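**Q** The lines below spell out each chain.
Number of protein chains: 2
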Amino acid sequence: MVTEIRVEKVETSKINTVNFEHLPFGKIFTDHMFECDFVNGEWQQPVIKPYGPLQLDPSARVFHYGQAVFEGMKAYKDDNDNILLFRPHENYLRINISSKRLAIPEFPEDYFFEGLKTLLHLEKDWIKKGRGNSLYIRPFAIASEGAISASPAENYKFMIICSPAQSYYEEEVRVLFSEKYSRSADGGVGFAKAAGNYGAQFYPTSLAQKQGFQQIIWTDASTHEYLEEAGTMNIFFRIGDTLITAPSNDRILDGVTRKCVIQLAEDNNMEVEIRRVRVAEIKEAAKNGTLQEIFGSGTAAVINPIAGFGHGGETFELPKLENSYASFFKEKLMDIQYNTGVDDIHGWCYKV
Amino acid sequence: MVTEIRVEKVETSKINTVNFEHLPFGKIFTDHMFECDFVNGEWQQPVIKPYGPLQLDPSARVFHYGQAVFEGMKAYKDDNDNILLFRPHENYLRINISSKRLAIPEFPEDYFFEGLKTLLHLEKDWIKKGRGNSLYIRPFAIASEGAISASPAENYKFMIICSPAQSYYEEEVRVLFSEKYSRSADGGVGFAKAAGNYGAQFYPTSLAQKQGFQQIIWTDASTHEYLEEAGTMNIFFRIGDTLITAPSNDRILDGVTRKCVIQLAEDNNMEVEIRRVRVAEIKEAAKNGTLQEIFGSGTAAVINPIAGFGHGGETFELPKLENSYASFFKEKLMDIQYNTGVDDIHGWCYKV
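Sequence order for the protein chains is A and B.
The working numbering applies: residue 8 is where the first sequence begins, and numbers increase by one.
The working numbering applies: residue 8 is where the second sequence begins, and numbers increase by one.
Note that these hints are calculated values from the structure, not bench results.
Here the structure is a predicted model, which is why all the values come from computation and not from measurement.
Treat the hints loosely; a few may be bogus.
Note: identical chains are not told apart, hence a pair may lie in one copy or across any two.
[Unchecked claim] With a Cα cut of at most 27 Å, we get these calculated DSS-like pairs of lysine-lysine:
| no. | residue 1 | residue 2 |
| --- | --- | --- |
| 1 | Lys-327 | Lys-136 |
| 2 | Lys-187 | Lys-107 |
| 3 | Lys-217 | Lys-266 |
| 4 | Lys-107 | Lys-217 |
| 5 | Lys-294 | Lys-187 |
| 6 | Lys-131 | Lys-187 |
| 7 | Lys-131 | Lys-16 |
| 8 | Lys-21 | Lys-131 |
| 9 | Lys-358 | Lys-266 |
| 10 | Lys-135 | Lys-290 |
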């Protein structure tokens, strides 16, 4: 079944007002957006219409109870003007996993993919060629019903908005291993892309920034002895030539880029350990010189090398490697994402 | 300093369309709302205007990152038509504690109280006399800036909306002690009225409801051995004649009604223990007949007696007492809230 999507086009595109050489992340949006309402127990006919403000009752539950989830994806353009997505089915599955945990009705697969395809073809000029350029795609679902009883809403909106992007992090990133604050609890919503997981990180991150760190690597809430994820990225450690990352669980997001890194490492006969990672072991490895690299993986940043870290009043600088795993994975991933002649053996690249 | 609040009145009140005998909780709102924007680094002039929809960019951070906090308060009317609030300063302080944790700028005290007073005088006909009747007041703050980078917003809205209310829970409430799911982590945002804390409870609560329980009493995320709070209420246990409740900490909301219950218990020479409460001890007390009562405390419900609980596949019914602590505290609190001739020795009643 192919869903019929109603399309209302803008009269004039604003694309000529945008400087694609200097794109602040997530502030500029394309001409159109995808919108679908859940009313009377079902998702209604989706519509693509000019990007513009939402009208919501001040009592809409998203404002009061954070009943909201999102995804992050990117579209790329190859040298033949094909529009490419990267494992979009993973994002589709995950937003419904997130929605289920937040008591939001799951979104139909055909609505999602038809919406995405129609929207991307409409916005194709916003996707610029060239490594590093992409269109960041933000599907999200919010509780729109106006009623402040603390229970799941009756009405929702599922939307997709798009923002042209260059690379996410430009500066060197140093991270603080959290000793006091936590991102999520066992039995909580840490595995979901639930809106509330992110706002809750802003204050501790601002404290870390005052100490000269750009981000936090969260540790387990019970003991703060184990390293988990960075909030917008999963985290990999390289000790000697072994790549180590925490297992995904109900506190840690099952990142798409994370899964790709693990697969690429296995494809390339690298040693990979998926296991709990002790703060103490990373500090020890930093001290004895075996810690080669730390890097983050995520849709926004793809692969983000970490320049140093802090914990317990100590700071550590990481060596600058010629042939880092971080750049190896980043190049491999971008070769697939931009379809630059590599063999996409796992079928990750999805032509729209 | 008294803030000047601009007031735009409705042309015609909708109060005559409302059936005050049958008020669904939190679905009907009064004629006006208070709104104040944070722009350019400061809170702008507040305005009270006709209740109506908000216009927000689809990229507003509240939709994506749950950067949002709220409070719950009630206004009462006594027999002399005085409008009364109950310890509103506590709510004022707490919303700023919540805001700080969510990286939202704190709201000025004079804006809050002038806004509240002006709004309540405007809506005085919506506050009905009579025990059980009240006007539920919902102050809240949301990140309104349209930009999806995962960092604190530049712009916010602080709003107050009001909904006429009868008593919150009408049915008997049975609760499930959580064994798997969690509400909050050490070092997290559980102590704050952060929006995301609430949406995260909906799915586990729906599972409990399928088992015949209306609410969950959350346990600590690390061991699930200690009872914490009910998500919209703090929880008290009475074993013999001793009242027991968990200490507030960074996982548990420091409830205003909870504080009042503890104070009233002390005023009345009741035995109160503020300490961690083991699941095992409550089950043991239920089995040996010493568990007299469980009740919740919160602004919406005031005092909410619990009829029974479940844990580990076992269910327990609580005795129906003639002179329960729950009804003692509820009557004492309502005497103060409705100003029915009692001596308000702690000055909790606040005339608007």
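**Q** So, for every hint listed, does it hold in this structure?
**A** Checked hints:
Taking CA atoms no more than 27 Å apart as the test, Lys-327 paired with Lys-136 passes in neither setting, with 29 Å inside one copy and 72 Å between copies. In this assembly of identical chains, the alpha carbons of Lys-187 and Lys-107 lie at most 27 Å apart only when taken from different copies (16 Å versus 30 Å within one copy). In this assembly of identical chains, the alpha carbons of Lys-217 and Lys-266 never lie at most 27 Å apart, being 33 Å within a copy and 35 Å across copies at closest. In this assembly of identical chains, the alpha carbons of Lys-107 and Lys-217 lie at most 27 Å apart only when taken from different copies (16 Å versus 37 Å within one copy).
Taking CA atoms no more than 27 Å apart as the test, Lys-294 paired with Lys-187 passes inside one copy only; the shortest distance there is 23 Å, against 39 Å between copies. Taking the shortest alpha-carbon separations for Lys-131 and Lys-187, neither the intra-copy value of 45 Å nor the inter-copy value of 46 Å comes in at or below 27 Å. Taking CA atoms no more than 27 Å apart as the test, Lys-131 paired with Lys-16 passes inside one copy only; the shortest distance there is 14 Å, against 47 Å between copies. With identical chains, the CA atoms of Lys-21 and Lys-131 are at most 27 Å apart within one copy only, with a shortest distance of 13 Å there and 48 Å across copies.
Taking the closest pair of Cα atoms, Lys-358 and Lys-266 come within 27 Å of each other only inside a single copy of the chain (20 Å); across copies the shortest separation is 60 Å, beyond that limit. Neither within a single protomer nor between protomers do Lys-135 and Lys-290 lie at most 27 Å apart by alpha-carbon distance, with minima of 41 Å and 63 Å respectively.
Consistency note: the structure conflicts with the earlier hints numbered 1, 3, 6, 10.
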